[in-house]
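J.: Chain by chain, the residues run as shown.
2 protein chains.
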Amino acid sequence: MIPGTSVAGMIRDVEICEVGPRDGLQMLKGIMLTEKKKAWISALAAAGLPEIEVGSFVPPKLLPQMADAAEIVAHSRTLGSLKVAVLAPNAKGAIRAIEAGAHKITMPLSVSRSHSLANVRKTPDEMIGEIRESARLRGESPSRPIIEAGLSTAFGCTIEGSVAGSEVVRLAVAAIEAGADEVGLADTTGMANPQQIKRVIADVRREIGDRLTGVHLHNTYGLGLANALAAYDAGIRTFDSSQAGLGGCPYAPGASGNVVTEDLVYMFESMGVRTGIDIGKLAEARRIVTEAFPDEPVYGHVPAVGLPKYFSPA
Amino acid sequence: MIPGTSVAGMIRDVEICEVGPRDGLQMLKGIMLTEKKKAWISALAAAGLPEIEVGSFVPPKLLPQMADAAEIVAHSRTLGSLKVAVLAPNAKGAIRAIEAGAHKITMPLSVSRSHSLANVRKTPDEMIGEIRESARLRGESPSRPIIEAGLSTAFGCTIEGSVAGSEVVRLAVAAIEAGADEVGLADTTGMANPQQIKRVIADVRREIGDRLTGVHLHNTYGLGLANALAAYDAGIRTFDSSQAGLGGCPYAPGASGNVVTEDLVYMFESMGVRTGIDIGKLAEARRIVTEAFPDEPVYGHVPAVGLPKYFSPA
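From first to last, the protein sequence lines are chains X and W. Counting along the first sequence from 1, when you hit position 300 you're at 553 in the working numbering, and nothing is skipped either side. Counting along the second sequence from 1, when you hit position 5 you're at 258 in the working numbering, and nothing is skipped either side.
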């Protein structure tokens, strides 16, 4: 295998999307140098990650960590069959993402109105308008990237508390009607529990079927892997996670840490569910992050204790 | 409610057995003073724990931390409806446990021969003999405590690697035939995965039905809660765990940390599964341990970040 390319033709039972370069880095005080980011993304692709959320098209003055998004997308597109995903909070960002050549654009759509206003300064229904406009622009573009509506705070909001399942369903349907190709459910605040995960997934599936593709889970209260297991049992096959558990949401106080990629990959592989990811190479990619941010807290059981003796992946 | 008593008549969907005073304390370098232990166990009972493994009847020269087991059992028996459980590695220990008045005696039966020899200096089949003798002695006692065979290394062994599911089933059947009332499955090394948990539980259930009562899970590779969820989905309703995640096994190198009681209770309560445990009072009990051992590592997401805002238990 050529170093720096992702593994084409690899058989996978689940797709793990690494969101560290976006969700992780945007939360850190420090800025990762563009060349380091490229090295990290290359190492992740070489480890077999099929999809990486490589950056965010937001105004650089708001998130200087993401100022190099277009350059990072260009680099990521050279990495074999890697699906290059980005975040765009509005149609303006989506235009930049389309021009940069992203394969997938995730647009955050908070189910909680308060979180939506804090995060993107728009109501959920105004965000549906942004998705509609982005889908129209995408339709006119030659590259035609996938647009995913990422339903934030789908399982609870630190500002509003519980979130109505009916509102999750309503916004999922509205996003698809507005032209989104896919819907993902994000537990932005880590408040989800396994029972709720199964219920909400079933409710959303009933309306939009396989347009519900993935979940984005946080580990705030330690339920990250249990929730991932529940989502898998409910039929989900695409999972966001972040290497070393970096990330969280600046507008969801107390919420910190995505599900740790290393532990999620280990859980699936130990179950015989193929991720197509090489755990050894994942550790090499982790080293790039931990060396770049020696003072940041990093998470993960498997990175801390190593694989069990005699462990053989799926 | 009278402080220091457990809650009688509390409706519970699952029974959580706190093993910290046994599995936790036996792993620590320091010794908890008898009066502190009593205070901790009282606080745990007051928090609503229905069952506590309060000590181990092993030779005091091997485990000086457990030298006060009989006194601790006597104290624990005063705590309302609390089920007072202990560990005994052989018939000699079982005699002492019966005399002390324990309600339940767990006898460790390693599925891995190497682990069995290291842990109790007997082969698994020799341990079946100890269970038979203990069951006979129990039959002659006025108190007639429950005898549980705790199948250690039931999901993997750090010495031998994988463990045959057929051997788990064989030993579970042999233990029941020898007179054990119940069988528990212990992931001593943390090597279990959710798929395996479901498969082994189903296999053992097929042979001994509801005599398989509980699971004892470790969090070595971070899968503790996911495995607990899988066991719950497979029909298990009794779960061992340890406050602050204390504990492990001295003869299973690298294995450390039981499932954290606080996080396990939170997971179930968030799912609407009633534990009968008061999370606030659990935090008070935790303080007794963390103050007694300020230098020991303690675990738990919920203790670290607090309950989610607006959280209401099941």
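Derived from the structure by calculation, the hints contain no laboratory data. Some hints here could point you the wrong way.
[Unchecked claim] Calculated cross-link-like contacts (lysine-lysine; reagent style BS3-like; alpha-carbon spacing at most 27 Å):
id : chain 1 : residue 1 : chain 2 : residue 2
1  : W       : 562       : W       : 534
2  : W       : 314       : W       : 282
3  : X       : 375       : W       : 314
4  : W       : 562       : X       : 282
5  : W       : 451       : X       : 451
6  : X       : 562       : W       : 375
7  : X       : 562       : W       : 562
8  : X       : 357       : X       : 534
9  : W       : 451       : W       : 289
10 : X       : 451       : W       : 562
11 : X       : 562       : W       : 451
12 : X       : 357       : X       : 375
J.: Confirm or reject each hint.
T.: Results for each hint:
1. W/562 <-> W/534: Distance ~18 Å between residue 562 of chain W and residue 534 of chain W Cα, so the pair holds.
2. W/314 <-> W/282: 14 Å, holds
3. X/375 <-> W/314: At roughly 68 Å apart (the allowed maximum being 27 Å), residue 314 of chain W and residue 375 of chain X break the hint.
4. W/562 <-> X/282: 26 Å, holds
5. W/451 <-> X/451: 18 Å, holds
6. X/562 <-> W/375: With Cα atoms ~24 Å apart, residue 562 of chain X and residue 375 of chain W stay inside 27 Å; holds.
7. X/562 <-> W/562: Judged against 27 Å, a Cα distance of about 41 Å means the pair is violated.
8. X/357 <-> X/534: 25 Å, holds
9. W/451 <-> W/289: 38 Å, violated
10. X/451 <-> W/562: 22 Å, holds
11. X/562 <-> W/451: Between residue 562 of chain X and residue 451 of chain W the Cα gap is close to 22 Å, so the pair holds against 27 Å.
12. X/357 <-> X/375: 22 Å, holds
Going through the hint list in order, the structure does not satisfy hints 3, 7 and 9.
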